[in-house]
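Line by line, the protein sequences are chains G and C.
Letter by letter, the first sequence follows residues 77 to 400 of this note's numbering.
Letter by letter, the second sequence follows residues 77 to 400 of this note's numbering.
What the hints contain is simulated information worked out from the structure, not anything from laboratory work.
It cannot be assumed that every hint is accurate.
Treat identical chains as interchangeable: a pair holds within one or across any two.
To be verified - Pairs of lysine to aspartate or glutamate, EDC-like flavour, derived with a Cα cap of 20 Å:
#1 K383 - D346
#2 K332 - D212
#3 K394 - D248
#4 K332 - E137
#5 K354 - E384
#6 K143 - E115
#7 K236 - E384
Quantities reported herein were computed from a predicted structural model and do not represent experimental measurements.
Now for the letters of each chain:
Number of protein chains: 2
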Amino acid sequence: MKEISKLLDFRPDIKVIDATLRDGGLVNDFYFTDEFVKELYKANLRAGVDYMEFGYKADREMFDENKFGPCKFCDDDYIRSIVGNNETDLKIAVMADVGRCNYKQDIRERSESPIDLIRVATYLHTIPTAVDMIEDAKNKGYEVSCNIMAISNAQESDMKVALDILGKSPVDVFYIVDSFGALYPEQIARIAALYGEYAAKYGKKVGIHAHNNQQLAFANTIEAVGDGVDWLDATYSAMGRGAGNCAMELLLGFLKNPKYNVYPVIQFIDTYMSALKKDGVVWGYDLQYLMTGLLNQHPRTAIQFTKENRSDYAEFYKEIIAQD
Amino acid sequence: MKEISKLLDFRPDIKVIDATLRDGGLVNDFYFTDEFVKELYKANLRAGVDYMEFGYKADREMFDENKFGPCKFCDDDYIRSIVGNNETDLKIAVMADVGRCNYKQDIRERSESPIDLIRVATYLHTIPTAVDMIEDAKNKGYEVSCNIMAISNAQESDMKVALDILGKSPVDVFYIVDSFGALYPEQIARIAALYGEYAAKYGKKVGIHAHNNQQLAFANTIEAVGDGVDWLDATYSAMGRGAGNCAMELLLGFLKNPKYNVYPVIQFIDTYMSALKKDGVVWGYDLQYLMTGLLNQHPRTAIQFTKENRSDYAEFYKEIIAQD
């Protein structure tokens with residue numbers, strides 16, 4: 077019988093990445109106040125979180141600065157205004173999407189930046205550009221991870237080719253990303269075995285970023301822990317696009333490394349996440365997300381359903397079944 | 077690698093039990109309208125659910141009839157008013173709690189009753205009474221299952237003794253019950269192996285009833301499916317005490333037996349469960365339930381927190397840590 081994480085012990089290689097500002101920002105256009113971001117930073121420090129993702133390095137040619145908060149662009153100066161010189165154990169991450177990031181220009185040398193980790197996000201069909209971004213970031217001195225998105229409807233043979241290409245790149249971490257919230261723990265186990273094979277071959281680490289469409293984001297994350305996955309994404313109150321992510325409060329409750337502490341997470345939620353919800357920011361598990369997850373579809377129709385304040389679930393199910 | 081349920085295939089021995097009225101009734105004192113119950117019955121029929129639990133056989137000496145809806149007592153006449161002679165494949169279940177049920181008097185001969193299955197619920201320290209109830213129900217002609225509650229803080233050696241006693245009784249199904257929502261999938265796997273050992277020895281089946289304190293009710297249920305557990309409890313919209321149960325809509329989406337159909341469940345939720353929520357009936361995952369689950373405590377303090385409309389999570393955490 078598999079022992080997930082040897083429940084009463086811990087694996088020191090585990091890293092916890094707080095993706096609240098980045099994935100959460102997708103539901104409020106990154107309009108977080110400076111106070112929110114500063115207090116989140118302090119909460120992460122006290123909670124023992126390993127990396128805090130500040131948002132995206134989005135291309136200003138594509139995205140209008142007036143329509144998004146600063147975490148959409150993650151300028152070095154903005155991050156410095158929050159973390160100063162960040163003389164702490166908490167590392168700073170940003171995401172750079174293939175095709176939506178002017179990386180050669182907007183990502184400076186690490187020696188000049190408060191950022192430690194560049195998280196390149198790619199689809200399978202854009203791997204060569206992802207590799208160029210990885211090399212660019214690595215040459216500038218960063219740690220680099222790579223998210224391969226939407227793998228729940230990818231062919232395994234394509235995934236193998238992608239992992240082999242990435243294996244030969246200087247990336248540090250391969251990320252399993254269940255973009256549609258469609259995967260069950262059994263499938264996570266299989267995918268983790270596949271990623272693990274290439275990670276072992278090329279000396280990389282494996283991470284996971286889960287979505288909660290079927291209330292499995294936490295379950296899939298701890299399944300992955302048991303399968304040798306070390307880098308774990310989570311967000312406060314599971315804030316994230318659509319059904320949201322693996323909840324930080326669940327994950328830190330589960331992990332037994334004494335460096336992690338769930339209480340600062342609860343305090344932050346109590347004050348700041350509850351306030352966001354009261355202000356009308358909407359995310360989290362609901363029937364429309366279960367449906368797109370079940371059908372292994374992109375959640376965009378479910379997000380639209382949410383935005384329109386619809387609650388006619390049965391009608392929505394018919395709509396998405398019809399277009400499946 | 078374990079293949080949970082052989083994902084693309086199905087195991088015909090699986091039985092799905094709708095516990096909405098019984099566990100859900102704990103949050104609204106069983107005040108379901110006849111229309112609600114009738115439509116739920118029809119939805120279960122169309123969804124291919126195997127058993128519908130109507131509620132408790134509660135002792136009228138202990139519980140005031142004027143303070144609860146009819147599903148608290150599940151008189152044969154009441155059930156007949158909903159299902160007639162129930163000439164369908166959907167079987168009818170009720171729960172009988174050790175110490176809260178006048179079973180000798182209130183449970184009639186099966187030949188005179190619309191009920192098919194008596195679900196005896198017991199703690200470890202009341203097993204002898206549970207056995208008496210099992211024998212009584214079996215002698216009256218019923219199928220009988222037995223829930224051993226609150227096992228997450230039980231000693232394995234005590235569980236073995238209990239399973240051995242129950243194995244020698246005429247009960248048909250042993251139920252794994254995670255009353256506190258404290259168990260992780262890895263622990264479910266271990267417990268399922270233990271129950272499975274005694275089930276094999278004595279020719280019994282194994283079931284699971286999960287709670288969603290850590291958003292693992294569905295994950296633990298499908299973990300159990302992969303471990304040979306055949307009887308699966310679920311409720312519409314996960315309605316149940318505290319953090320609720322495994323959601324029927326998630327479970328039927330997962331199970332591949334063509335007899336199951338998720339659409340009637342979605343339709344019922346759309347019309348009836350949404351209305352319950354709008355009427356102010358409260359259940360489901362929230363931080364206070366995560367905390368009691370994490371600490372392996374009875375959820376009563378969290379239920380009280382919910383009843384008082386509190387949202388000071390950090391203060392609550394301090395309270396329950398202090399009394400732990």
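Okay, the hints, checked on the actual structure:
Only between protomers do K383 and D346 lie at most 20 Å apart by alpha-carbon distance; the minimum there is 18 Å, versus 25 Å within a single protomer. In this homomeric assembly, K332 and D212 never come within 20 Å of each other (Cα to Cα): the closest approach is 36 Å inside a single copy and 46 Å across copies. Taking identical chains as interchangeable, the C-alpha atoms of K394 and D248 are never at most 20 Å apart, the minima being 43 Å within one chain and 39 Å between chains. Taking identical chains as interchangeable, the C-alpha atoms of K332 and E137 are never at most 20 Å apart, the minima being 45 Å within one chain and 47 Å between chains.
Taking the closest pair of Cα atoms, K354 and E384 come within 20 Å of each other both inside a single copy (18 Å) and across two copies (18 Å). Proximity of K143 to E115 under the C-alpha cut-off of 20 Å is found in neither arrangement, the shortest distances being 24 Å within a copy and 47 Å between copies. For a Cα distance limit of 20 Å, the shortest separation of K236 from E384 qualifies neither inside one copy, at 40 Å, nor across copies, at 53 Å.
Hints 2, 3, 4, 6 and 7 from the earlier list are contradicted by this structure; the remaining hints agree with it.
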